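Assemble chains B, C and D onto chain A, guided by the hints.
Read top to bottom, the protein sequences are chains A, B, C and D.
Position 17, counted from 1, in the first sequence is what our numbering calls 20; the numbers after and before it change by one each time, with no gaps.
Position 56, counted from 1, in the second sequence is what our numbering calls 59; the numbers after and before it change by one each time, with no gaps.
Position 301, counted from 1, in the third sequence is what our numbering calls 304; the numbers after and before it change by one each time, with no gaps.
Position 355, counted from 1, in the fourth sequence is what our numbering calls 358; the numbers after and before it change by one each time, with no gaps.
Derived by calculation from the structure, the hints in this document are not laboratory data.
Treat the hints with caution; some may be incorrect.
[Stated by the list, open to error] With a Cα cut of at most 27 angstroms, we get these calculated DSS-like pairs of lysine-lysine:
{"#": "1", "chain 1": "C", "residue 1": "K7", "chain 2": "C", "residue 2": "K339"}
{"#": "2", "chain 1": "A", "residue 1": "K393", "chain 2": "A", "residue 2": "K406"}
{"#": "3", "chain 1": "C", "residue 1": "K320", "chain 2": "D", "residue 2": "K339"}
{"#": "4", "chain 1": "C", "residue 1": "K320", "chain 2": "D", "residue 2": "K7"}
{"#": "5", "chain 1": "A", "residue 1": "K320", "chain 2": "B", "residue 2": "K463"}
{"#": "6", "chain 1": "A", "residue 1": "K393", "chain 2": "A", "residue 2": "K109"}
{"#": "7", "chain 1": "A", "residue 1": "K463", "chain 2": "D", "residue 2": "K339"}
{"#": "8", "chain 1": "C", "residue 1": "K7", "chain 2": "D", "residue 2": "K52"}
{"#": "9", "chain 1": "A", "residue 1": "K320", "chain 2": "B", "residue 2": "K7"}
{"#": "10", "chain 1": "A", "residue 1": "K52", "chain 2": "A", "residue 2": "K7"}
{"#": "11", "chain 1": "B", "residue 1": "K463", "chain 2": "C", "residue 2": "K7"}
{"#": "12", "chain 1": "C", "residue 1": "K320", "chain 2": "D", "residue 2": "K52"}
Just so we're clear, the structure is a prediction, and the values are computed from it rather than from any experiment.
Number of protein chains: 4
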Amino acid sequence: MMDKPREECGVLGLWSPEPLPVAELLQLGLFALQHRGQEAAGICVSNGKDLVIEKDLGLVSQVFDETRMQRLRIQGANLGIGHTRYSTTGSNLRFNAQPLSVRSSKGILAIAHNGNFVNALQIRQQLLEHGAVFQTTNDTEVMINLIARYARLSLVEATARAMRELKGGFSVVLMDRQTVLALRDGNGVRPLVIGRLENGGWVFASETPALALMGARFVRDVRPGELVWVESGELCSMQVLEPRPTPCAFEWIYFARADATLDGIATHPARIRMGEVLAQEAPAEADLVVPVPDSGIGAAIGYSRASGIPLDYGLHKNPYTGRTFIQPTQEMRDLKVRLKLAATPVVAGRRVVLVDDSIVRGTTSGRIVQLLREAGAAEVHVRISSPPIKFPCYYGIDTAARKELVASTHSVEEIRQLIGADSLAFLSESGVRQAIGGPVCLACFNGQYPAGQPEEEVRKEALEQA
Amino acid sequence: MMDKPREECGVLGLWSPEPLPVAELLQLGLFALQHRGQEAAGICVSNGKDLVIEKDLGLVSQVFDETRMQRLRIQGANLGIGHTRYSTTGSNLRFNAQPLSVRSSKGILAIAHNGNFVNALQIRQQLLEHGAVFQTTNDTEVMINLIARYARLSLVEATARAMRELKGGFSVVLMDRQTVLALRDGNGVRPLVIGRLENGGWVFASETPALALMGARFVRDVRPGELVWVESGELCSMQVLEPRPTPCAFEWIYFARADATLDGIATHPARIRMGEVLAQEAPAEADLVVPVPDSGIGAAIGYSRASGIPLDYGLHKNPYTGRTFIQPTQEMRDLKVRLKLAATPVVAGRRVVLVDDSIVRGTTSGRIVQLLREAGAAEVHVRISSPPIKFPCYYGIDTAARKELVASTHSVEEIRQLIGADSLAFLSESGVRQAIGGPVCLACFNGQYPAGQPEEEVRKEALEQA
Amino acid sequence: MMDKPREECGVLGLWSPEPLPVAELLQLGLFALQHRGQEAAGICVSNGKDLVIEKDLGLVSQVFDETRMQRLRIQGANLGIGHTRYSTTGSNLRFNAQPLSVRSSKGILAIAHNGNFVNALQIRQQLLEHGAVFQTTNDTEVMINLIARYARLSLVEATARAMRELKGGFSVVLMDRQTVLALRDGNGVRPLVIGRLENGGWVFASETPALALMGARFVRDVRPGELVWVESGELCSMQVLEPRPTPCAFEWIYFARADATLDGIATHPARIRMGEVLAQEAPAEADLVVPVPDSGIGAAIGYSRASGIPLDYGLHKNPYTGRTFIQPTQEMRDLKVRLKLAATPVVAGRRVVLVDDSIVRGTTSGRIVQLLREAGAAEVHVRISSPPIKFPCYYGIDTAARKELVASTHSVEEIRQLIGADSLAFLSESGVRQAIGGPVCLACFNGQYPAGQPEEEVRKEALEQA
Amino acid sequence: MMDKPREECGVLGLWSPEPLPVAELLQLGLFALQHRGQEAAGICVSNGKDLVIEKDLGLVSQVFDETRMQRLRIQGANLGIGHTRYSTTGSNLRFNAQPLSVRSSKGILAIAHNGNFVNALQIRQQLLEHGAVFQTTNDTEVMINLIARYARLSLVEATARAMRELKGGFSVVLMDRQTVLALRDGNGVRPLVIGRLENGGWVFASETPALALMGARFVRDVRPGELVWVESGELCSMQVLEPRPTPCAFEWIYFARADATLDGIATHPARIRMGEVLAQEAPAEADLVVPVPDSGIGAAIGYSRASGIPLDYGLHKNPYTGRTFIQPTQEMRDLKVRLKLAATPVVAGRRVVLVDDSIVRGTTSGRIVQLLREAGAAEVHVRISSPPIKFPCYYGIDTAARKELVASTHSVEEIRQLIGADSLAFLSESGVRQAIGGPVCLACFNGQYPAGQPEEEVRKEALEQA
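Here chain A stands alone, though its shape is the one from the complex (with noise of 0.2 angstroms):
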């Protein structure tokens, strides 16, 4: 809930081959998209002439208020890509924001990235060498220089070179004033799934429910390597790069809603099938199973089916947000979890096993242990559905650095001393790859990066170790 890694980006794409309100579709699509970034969002549209950009820090709710809507709504509009964002602190925030625009010898290209490159740095290198000048530090704008830099090429066979030139993983949307592009790297590292309006046109999101608000069918996933784009009203496909399927594990642990199927897996049921798993792995004598709000849920229904002990409503979660207004003092150190869970009074000598979904710091944990135990609650074992997280994603997921990750530095019973626990167990990685079903990226628990890792970090890494 608090101490969770964040996603950076959700991605949006649409092209209809009649006008469309296309704002409120892609504002409608970003809403259901909100939790994969909630610091930035941006809309870009055209009508095959005109193309409007609006996008700010904040909420999408907060973001597009009636102003910008209006600028939104042009005459005739037929396509456009939205973004979310979950920015990292900085100076010119705003300026990172997305959808990035610019005008190139291709007229003018917008982009929409979730991801990230691990050869950024030495991309960006060569292009100022050639002259290129950015506006930002951002890796979406090296993107976009590249393929504006092949200015013999088409759009399509520039974006196809740009992907065989950039490394890491990533899910990229992208428009002219005539058509939307979407592509997906070679390992589908992050999400990226296809639909159809009822009036032919097409959808790209990051999820599926972002499909169902907006009205339109699933049809499948972009595929790992797959270049996709629109011509004459048909999906065409270019397979740019060797697919070698990685989807992120986390996706069905936590990012991605509970309503979403991605890569042909349901999340919801998978993280039933974690919880499972985890009862049969490690098993505890306890009366009940109570769940994190709303991060702990779906594992938490796993773990009261297989092991029998009844699940209850332990943790009550205030709907509002207070992160922003109240100023801890030394005397409330855990205020922060205080604003968000309180303990309902259905523990009280109860022997609870307490289910999330992982720990990162593992600071949060131990403020949720306590707050059971206030409430009178005999025992509390904690269990995790993954493994422990120790080594970072270079991927586009934030989780934190490396030497915040508690179980990077803590063995598995140091943490449950640290969080006060009467025991604590993980889901193991081959138990998450059972539960999932699939094969994945699972970087973030052993440090095996099937896409690569920036040169930089290994260089690091090589001295850390001399």
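Coordinates of chains B, C and D only, in the frame set by chain A:
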């Protein structure tokens, strides 16, 4: 969730023997009472000499920004009151925010109020004829003018006298520059609890979770008809009106937080019992119990336990608010519900028991049934953990006008057809009493008003029946 | 320019026999009265049934944005009042914005007020003892409570009775849902004029330029001690108090707009005459007459004409406001003046007569003299077109506290040294009388208060002298 | 006043040998340049390491609120540039605010620009074909890309090379993390001056009053075609282009502040001389010379002096801005003028010479003549202290499209009839030259463009004439 009766207010009071960060403590308490009113919030603090009020439309986290908190941080503050409000539409909304303050013969008074007076109009008329002027059409202003009118009585005596003249359901917290008073009508319709700070100070609050977040220990409920105040650091009490306890049943059905205990009865366990009784009164042949999040969770747990049908998270709730920003088109009449809820794949092919706490207009329930059917639910059996709402509340709850109450004009079978359920059942009145286990006001279900009705309403009704 | 007495308010009223865009007309009128108060503005309109008020801190152009104008555009509106305010610092600033409205035995009343009551405290005390409550410490609220108190009298009679009880200098515009009233104290200290719309409607305004912008023809001034109101479309009048006209001289010296005519005397020509008399009373050997823009322009023209010394634009005024944003450092103590004014090269090597209308604290004048010297002025002779301000105003002008008035504690020669001028002269009292040509209040110059002083001030003064 | 050509920008640069409150100094300087651009403002500061830019739409006082100033106050700042902008309407307005910055092979560069390049389109096309991307359609971005393109040259050399390729009228200030550069086109169309701080630092500014407010001493103008920069604390210079000085005459006619001195000639005295010459060229039989405030003041003083007709303040200017808020109705088509100006009673019965500096569309002049007539003026003789504007400016001034220029399509007699004056006369071209006393660009009067025209315009013109 969306089709719910709305509580009109939460109130808060604090007195400390020594200076404290009063504004911060009240802010915390109001945050814990945010669910009792989301449209306005206010805080009044004093140090015995200065008295400052800050209030505005908005959530607690919006109203109390750093600028306002700065103004509330007066040197040596040791007492204050607070208010959250669900305000009805109107022109001078900002003026209706509370605490309301006046300068009177007794100095400055500030008041925060939850509930309604059924004879406010009559008393107001008397005061006007006496030369009084009013800023609002608000009940609260009537009470404060009534108190000011007794210019020769002490504040405690004048307040007691006002309690005797006013009829209805009301919990009130009141302060001048030196002390805080708290009172509850003779029926104790609205809740009010007393807590104690570690430094010997006193806290009054609508619900117990506010005490917890403010670091106060629960002492007892204010009794129906009781007036309490702090004098020389001691809690003084006057039993102004004969207690005839009939607290509002809806506090346990829906309003009060899941971690609250009111008049000795915890809410979440009571909700579980309502679900259990409901399962006995209205069993269903089904595969899955699905709560409407978050209002149906308690009763769904009870229903699942008593029936043995497994509980699952069949509806995903989008935690981001989209209510203000999207204008539904004709084709998307149910957009409001779809922005909030989506069915998860687990319901496909299953017979579902959908559990919620109440039905007001019925439209939302119908849309949720439809969501489940679209996701492939084989059958949808709706179970409501309270009786049909047929009558308006005159004690501080906005249930919608009588003719908008679907149960006021339709039979249960007609409602079932309207919402498209395979079966529909409500908990009985005796079921509610049994689950709560104490005397309660059930006026909105049976039209029996223990604390009286407004004269003008009685007359209107008589006319309609004539 | 910066060191000026500040007018506390402008008032406006309008009644039309048929619906008009009342809000827009009042907005125009207030814009023409903006110089009488820049810190808050408000408009109240009615259509005989509904009555809406919008007011806030800020300039007319800031307060009346499209949202507020929309709310004021009620169907069939035919009357309204308006107010601009210079508000003193304090906590509940927004509550002090006018029009002030109350619900009374006479229905809703709204009031807009320019001036001060010298016996407000005494009347307020009587009302409190009678059970009244107040929202503010504002004079205006005392008047409206006094009117409401006479519950059995008609609104006209009750208002006349209040006029008789209140002492001081005040022009007031008042409305209920049907009609508008306007009144002026017995001395007519503050101005108030009557205009007529082409459709037969009536307008009341502090100054004539408001009439012009609203499209109304000037009819006459409201007489000192007169109460006027509209009945059956006709202007009715009651001479409530015996007229002893002594309008405020400062209206002609500085406050009123250069295109205004008050009590039959045009302001700009009066200012020219002040300059002419000043040139006779205090001639100077010089090459150039330089006005302090914009306050000294009229008198500078007069001085130039009577003396034959050519006028030039020796000080450039930056039209952009910089007062709120720059924090002067120690080295730039005179930054505030430098942001506003800069000397032009024409003063180099010249003997300059610097003309302004008044000196309050003297600091600004000193800085302007310095600017001229830095630009090379050979000599600077300061001429002020009013006498030294030595006494506070009790009739609605903020002249600064007595001890801050440089002329209250320093001789003319001492002031000359303070501001670093080669010579300094003020217009004499008889010079002011001669230039204006009618009876005037000169209390701030000579301490003779024609409309009385606050009892508490008289007592304080007696104590200080004892 | 309202019907004036609009200057497009003011620029500013500062370098200090030691840390200074750079942001505050630039803010002061921009405030003094506010008249050169009121729609956007920006500041860039650096300490040799960090470089921060803050810019937005709005006045200097609005853009640089405490939040933005805080961000600009970086530790040890010793250099920076600033910009005020009058921006034309368009979609991405905020992106057009300057300083513009990019990350290039030379590190971060920031640029502030006043003027226009007549061959921007051609150069832009070449850059695009080379793979460059642009954020805007802005001239300034073309220049910075051109500089970045010379990746192997030093910043000074690359800038000099860009100066040689770009044609038109432009003054530019440029910085990287270490130094500040300033340059002026070969004709010196737009002004740029050099000042020195007491600590040995250097300041570059569009006009001298900015130096004064920043505490800098005037050193000299940047010469036409010169590039200057600071190296080891010394001012270095390179005469990149042969100087052919023809500075813009309108700087003396209207744009530059009355206290400015540009290219050795003070503006206010030049305006007085224009009025004097005008009185000789076009005398009038009249009683009063009335300036249009504030633009006509200088020339009116000159006209009054040379003609002996007394000057008076016949038009009152409301200092409050009302342009944004009031929607004029059909009946009030001239409301915009009436909100700003009102005739004072002194004009009644008099023959008036109305003096202004220029006429663009003519509508405003007509309304002012009408105001004077309504106030009783017997005759109105309009005298304009510049020739008729017949041609567009391609060097950074927005004079309105050619067909909107009343003098481009009407004779002087036709304009006289349009504005309803009794007589009308303009200053001659030779009169302007005589009054200013140096070589000037008069392209907007005579169509002779000393710094070239855009190719596309030349072609268009040729077509129109064919």
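Verification of the supplied hints:
no. : hint              : in the structure
1   : C:K7 <-> C:K339   : holds, 14 angstroms
2   : A:K393 <-> A:K406 : holds, 9 angstroms
3   : C:K320 <-> D:K339 : holds, 23 angstroms
4   : C:K320 <-> D:K7   : holds, 19 angstroms
5   : A:K320 <-> B:K463 : violated, 43 angstroms
6   : A:K393 <-> A:K109 : violated, 44 angstroms
7   : A:K463 <-> D:K339 : violated, 66 angstroms
8   : C:K7 <-> D:K52    : violated, 47 angstroms
9   : A:K320 <-> B:K7   : holds, 19 angstroms
10  : A:K52 <-> A:K7    : violated, 43 angstroms
11  : B:K463 <-> C:K7   : violated, 62 angstroms
12  : C:K320 <-> D:K52  : violated, 39 angstroms
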